[in-house]
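Chains as they are written, first to last, in my numbering: chain F, 1 to 323; chain L, 1 to 323; chain X, 1 to 323; chain B, 1 to 323.
FYI, nobody ran anything at the bench for these hints, they're computed from the structure. Check the hints yourself; a few may be wrong.
Unchecked claim - Computed far set for chain L versus chain F, every beta-carbon distance over 10 angstroms:
1) Asn52
2) Pro53
3) Gly63
4) Glu85
5) His125
6) Glu146
7) Ser277
8) Asp291
9) Pro300
Unchecked claim - Cβ-Cβ distance ranges computed for the label pairs, FRET-style:
10) Gly236/X / Ser153/L: 45 to 55 angstroms
11) Pro184/L / Ala45/X: 37 to 47 angstroms
12) Ala157/B / Leu283/X: 31 to 41 angstroms
13) Glu95/L / Pro184/B: 34 to 44 angstroms
14) Asp291/B / Pro184/L: 43 to 53 angstroms
15) Lys158/X / Val286/B: 33 to 43 angstroms
Treat the numbers as computed from the prediction; the structure is a model and nothing was measured. Glycine included, every Cβ here is placed at the ideal spot set by N, Cα and C.
There are 4 protein chains.
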Amino acid sequence: MSSVFGENVKFSIFGQSHSEGIGVVIDGLPAGEHLDMQAIAAFMARRAPGRNPGDTPRREADGARVLSGLAEGVTCGAPLCAMIENTDARPKDYEALRHVPRPGHADFPLAVKHRGHQDIRGGGHSSGRLTAPLCFAGAVCLQILERRGVTVSAKIAKMGDVADAMQRGDSVGGVIECVAEGLPAGLGAPMFGGVENRLAAALFGIPAVRGVEFGSGFSAASLLGSENNDEYFVKGGQIRTRTNHHGGVLGGLTTGMPLVLRVAIKPTPSIALPQKSVDLRSLEEVDLTIDGRHDACIVPRAVPVVEAVTACVLLDLLMEGRL
Amino acid sequence: MSSVFGENVKFSIFGQSHSEGIGVVIDGLPAGEHLDMQAIAAFMARRAPGRNPGDTPRREADGARVLSGLAEGVTCGAPLCAMIENTDARPKDYEALRHVPRPGHADFPLAVKHRGHQDIRGGGHSSGRLTAPLCFAGAVCLQILERRGVTVSAKIAKMGDVADAMQRGDSVGGVIECVAEGLPAGLGAPMFGGVENRLAAALFGIPAVRGVEFGSGFSAASLLGSENNDEYFVKGGQIRTRTNHHGGVLGGLTTGMPLVLRVAIKPTPSIALPQKSVDLRSLEEVDLTIDGRHDACIVPRAVPVVEAVTACVLLDLLMEGRL
Amino acid sequence: MSSVFGENVKFSIFGQSHSEGIGVVIDGLPAGEHLDMQAIAAFMARRAPGRNPGDTPRREADGARVLSGLAEGVTCGAPLCAMIENTDARPKDYEALRHVPRPGHADFPLAVKHRGHQDIRGGGHSSGRLTAPLCFAGAVCLQILERRGVTVSAKIAKMGDVADAMQRGDSVGGVIECVAEGLPAGLGAPMFGGVENRLAAALFGIPAVRGVEFGSGFSAASLLGSENNDEYFVKGGQIRTRTNHHGGVLGGLTTGMPLVLRVAIKPTPSIALPQKSVDLRSLEEVDLTIDGRHDACIVPRAVPVVEAVTACVLLDLLMEGRL
Amino acid sequence: MSSVFGENVKFSIFGQSHSEGIGVVIDGLPAGEHLDMQAIAAFMARRAPGRNPGDTPRREADGARVLSGLAEGVTCGAPLCAMIENTDARPKDYEALRHVPRPGHADFPLAVKHRGHQDIRGGGHSSGRLTAPLCFAGAVCLQILERRGVTVSAKIAKMGDVADAMQRGDSVGGVIECVAEGLPAGLGAPMFGGVENRLAAALFGIPAVRGVEFGSGFSAASLLGSENNDEYFVKGGQIRTRTNHHGGVLGGLTTGMPLVLRVAIKPTPSIALPQKSVDLRSLEEVDLTIDGRHDACIVPRAVPVVEAVTACVLLDLLMEGRL
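Construct the complete structure from the given sequences, taking the supplied hints into account.
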């Protein structure tokens with residue numbers, strides 16, 4: 001199954017880069033939550049292209065229309081559906097790519113899986129465009145989380161030289177770090193339904209994510225236990241750790257310390273430089289040049305997406321089953 | 001939910017470090033599969049302690065007893081349950097830890113979540129001991145995968161200096177790389193139910209895993225698109241890539257190239273050195289010395305566990321719904 | 001979780017009786033399936049009001065707009081979203097009911113669950129109006145099933161006297177029988193994931209369904225084993241049963257005989273006759289008269305809905321995980 | 001998927017009629033719950049054969065051994081596994097049935113599904129024997145529910161003439177009614193995740209169940225709306241209904257009135273009378289006589305099983321996700 005995630009709150013994403021519309025259905029939100037639509041629009045604007053050097057020149061209106069889930073301005077317990085019309089679609093750009101998979105994209109395995117019936121226009125359902133409804137969902141969850149004292153904030157921890165890449169016709173990647181504060185201790189579970197498991201499963205749903213780590217992450221592999229362990233102490237009547245190498249999560253459960261995670265974003269696979277590929281009909285090798293409109297670096301635009309996905313999972317975790 | 005994973009094949013892990021027994025129920029295996037019990041025992045022996053310097057001195061018989069799921073030596077379509085008796089249990093070692101959480105372990109958040117009712121003996125359900133039934137499950141899946149031409153093999157990619165750590169009373173971590181070969185292209189799905197999502201969700205269920213990456217992973221963040229993209233060519237009538245920075249998986253789907261993933265293992269949190277903690281009753285800070293028997297490095301023993309979990313997820317993926 | 005069902009194909013229903021739109025997202029459909037939009041419209045028209053005596057006078061255009069999931073007229077493997085605008089909405093009818101739950105409706109428990117924030121207009125998400133997107137989904141599945149030789153057909157097995165009920169200002173119920181032919185033997189599973197379990201779980205999602213039975217159903221309770229058992233014989237090289245008391249399903253699995261199920265539909269709870277209820281604010285008993293537009297009998301309109309839900313579940317079952 | 005059910009609490013049933021052991025893993029129980037093992041044994045004894053005329057002469061010890069999930073006598077938050085050894089197994093009885101499916105059993109579709117590899121001994125995983133671990137699970141849940149003021153009690157509503165059937169070598173069925181009291185109003189959800197949906201899905205997992213209905217059920221089809229609707233009134237400050245045709249559940253949600261459901265149990269398919277069947281190898285019709293030990297009526301033994309399954313689902317519902 002591809003496009004539904006969540007246990008207590010289920011998020012169902014639909015749409016393709018050039019379908020009539022894209023959107024999300026959120027099932028299981030608590031009732032009685034006011035949604036600040038201006039704040040949602042402002043959050044979504046952070047993801048929209050055209051704000052950073054290196055963004056695609058494609059312009060999106062991205063006005064999300066709420067079809068259901070509200071009554072008198074607050075959530076009513078019914079599934080919330082938000083839909084975004086695809087207006088600035090120029091599908092002709094992609095016809096040349098029908099039988100020639102782009103390196104670094106999912107074109108080839110999708111063609112195999114769907115026996116040639118996948119939507120080739122702009123990456124179809126695998127397009128970064130689908131992070132717009134994710135951001136809508138995240139903005140909703142962020143508002144609900146904030147009322148419970150939980151905040152989520154991401155930033156760029158590392159990024160390649162975009163200006164240089166644009167000049168070369170190339171692209172760069174980076175690392176995004178996300179921190180959530182205000183979570184209670186004891187959320188989650190050991191083994192497969194824990195905080196790390198569910199966050200990682202959702203975060204790998206963001207296009208171009210190639211790695212996810214918590215706390216000291218891969219660098220923990222180079223530390224001694226005495227360096228990586230975080231000793232407990234008491235501060236203001238609360239049990240805290242002096243350091244936070246564990247990133248607020250131990251063995252699947254939150255500790256009450258700030259949750260810290262990082263995701264690796266690969267360089268945008270669509271580059272202006274010519275590349276080698278294969279024609280899937282003739283199996284002949286061909287030279288491929290990608291036209292269309294693309295980002296030389298999606299890292300800045302992915303920052304709110306990482307916040308959004310993190311917020312969705314944390315709200316789902318906060319609502320976990322209990323007596 | 002904590003201890004069940006899988007969609008088409010469901011794996012349900014039970015047991016605590018010092019409960020009467022531990023085990024796994026595997027629901028959804030194909031029928032008619034012969035299980036080589038000697039090969040399963042040999043695989044499980046790779047995880048058992050006592051083979052590497054730095055392993056815990058605890059000895060486990062680990063003979064798994066199959067309670068159900070077989071008829072005349074082959075799988076019969078019913079859930080397969082394997083049970084391992086806990087014989088060499090010395091629970092008295094742990095009484096001193098009842099109210100003093102060990103740094104780097106899940107003791108503290110578990111005490112909060114379960115209001116003091118968690119099993120404190122040897123880490124309870126969060127113990128590395130629970131990777132024994134995971135290895136049983138993985139060994140079963142590996143045999144079924146191998147009959148379909150899929151092999152899974154992990155190795156240590158990086159590890160700290162165990163001898164030095166043991167001498168200091170400290171511990172070290174490392175990185176394990178796992179490669180699966182023979183997978184068909186087109187397995188998986190975009191977004192949340194893809195290969196990376198499901199592997200990551202399961203791999204973070206292995207105690208001490210702090211990061212998961214695919215292909216070039218976090219290092220992709222430092223590459224140019226032209227460096228990280230893998231160009232297609234044809235070899236023996238098959239579409240392949242010349243390089244494999246994508247690690248055999250693009251946008252949630254397998255490409256037919258070797259699947260390559262890496263997991264970061266933190267240094268064992270149980271160390272002989274004294275540490276600071278807090279008494280959960282009095283909220284007073286205390287000095288903690290951990291006795292018991294522990295591994296100075298679990299990386300070598302985690303290698304077959306990574307193979308096992310990868311195999312479980314890949315079999316589940318291979319059985320995905322289709323017409 | 002309320003409004004998502006399915007394992008290999010997931011159906012996510014959204015909307016309220018008087019929200020801006022209602023619809024469905026279908027995730028997991030096979031790619032390459034042509035959808036006959038005229039046949040879908042014709043199927044949906046069978047559910048639309050105004051065709052039978054006793055139907056509500058509300059008129060619906062019910063034109064479903066496909067927002068995603070198609071490329072060049074065939075399914076492309078991405079989630080299929082269909083949206084229906086709510087145009088003929090007259091929400092003022094319902095204001096009087098805000099604090100007075102209607103007998104036989106879910107008003108009272110919804111008010112408790114959502115602490116008064118439920119959408120009271122026309123039953124909100126619990127309205128029979130939500131069976132329109134269910135019918136869209138069913139019509140899609142029926143087309144895909146028919147290409148595999150599976151047909152689904154329901155009819156009224158029993159119904160009260162509608163004309164008499166309308167005259168009295170009352171309502172009547174009935175029983176709908178549904179038969180699916182062409183299913184292969186061996187589909188499903190024992191215990192909780194079988195054919196009966198999954199069909200029943202989905203069929204109880206249709207408003208007003210109070211009972212579900214398979215084959216001889218409740219009447220089996222009055223039969224002898226020798227009467228209820230169906231003996232096997234061979235016809236045209238196929239193993240068949242001479243009788244079909246088992247309704248094509250034994251212990252969770254299809255036998256290849258026609259699948260036969262029946263659902264009990266209660267009389268429409270909205271009646272013109274005055275009823276007693278309670279004001280949820282004052283806890284005073286009040287006389288309630290329901291205006292609005294209602295069906296005196298929904299049984300005829302529920303016939304295609306039963307077909308639709310059955311088709312959705314059968315397609316999901318046909319796609320079950322296998323190697 | 002066959003043998004796992006539940007959302008917040010997951011129940012995983014394993015075993016075959018003549019495998020080494022049978023049992024259940026319960027994941028997600030609240031921690032800190034004392035289990036009264038004598039009460040569990042007494043509950044399981046109600047299901048054990050040998051108490052009613054018409055029961056199988058097979059004797060079972062049925063002592064359940066708890067392998068995990070407890071610490072110091074209370075639940076510890078880890079999965080609870082209970083295992084029952086199969087001691088009085090006489091598998092030789094069944095060899096004659098290997099290629100000749102018994103009418104009314106799942107033998108034939110299981111042989112198709114598992115290509116002949118299903119466990120033919122005593123019905124394998126489809127055996128009524130598997131209701132023993134279900135009763136263990138139910139007994140655990142009943143204790144936890146009772147501490148929250150919820151009781152569950154089933155009784156025979158209708159049953160055939162067992163004495164007559166035994167004399168004829170035949171079998172009889174019946175109807176079981178189950179009532180749960182003390183549930184709060186507002187539990188559940190509309191559409192597919194509601195009380196009826198989840199109870200029905202689980203109850204059809206009990207062998208021989210052919211129908212499930214709530215409240216007035218199938219008889220509602222013969223009532224007028226004014227007869228079937230339950231009017232609200234106030235009693236002791238609580239909103240109640242004067243009648244309970246809705247059986248305590250409306251549109252997927254509990255109303256606070258007693259939950260009333262009924263299940264139809266077909267006559268035991270194993271009868272002493274000779275029957276016609278087909279040899280699956282030769283496709284020749286054959287005369288079949290079933291030896292072995294069987295129940296002429298399982299209705300009395302199914303009463304605690306219906307209570308058990310109802311209790312499992314209600315506990316799962318009580319733990320539903322919330323903020």
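Tested hints:
no.: 1; hint: Asn52; verdict: 17 angstroms, holds
no.: 2; hint: Pro53; verdict: 16 angstroms, holds
no.: 3; hint: Gly63; verdict: 23 angstroms, holds
no.: 4; hint: Glu85; verdict: 21 angstroms, holds
no.: 5; hint: His125; verdict: 6 angstroms, violated
no.: 6; hint: Glu146; verdict: 23 angstroms, holds
no.: 7; hint: Ser277; verdict: 5 angstroms, violated
no.: 8; hint: Asp291; verdict: 16 angstroms, holds
no.: 9; hint: Pro300; verdict: 14 angstroms, holds
no.: 10; hint: Gly236/X / Ser153/L: 45 to 55 angstroms; verdict: 50 angstroms, holds
no.: 11; hint: Pro184/L / Ala45/X: 37 to 47 angstroms; verdict: 43 angstroms, holds
no.: 12; hint: Ala157/B / Leu283/X: 31 to 41 angstroms; verdict: 35 angstroms, holds
no.: 13; hint: Glu95/L / Pro184/B: 34 to 44 angstroms; verdict: 40 angstroms, holds
no.: 14; hint: Asp291/B / Pro184/L: 43 to 53 angstroms; verdict: 48 angstroms, holds
no.: 15; hint: Lys158/X / Val286/B: 33 to 43 angstroms; verdict: 39 angstroms, holds
The earlier numbered hints that this structure contradicts are 5 and 7.
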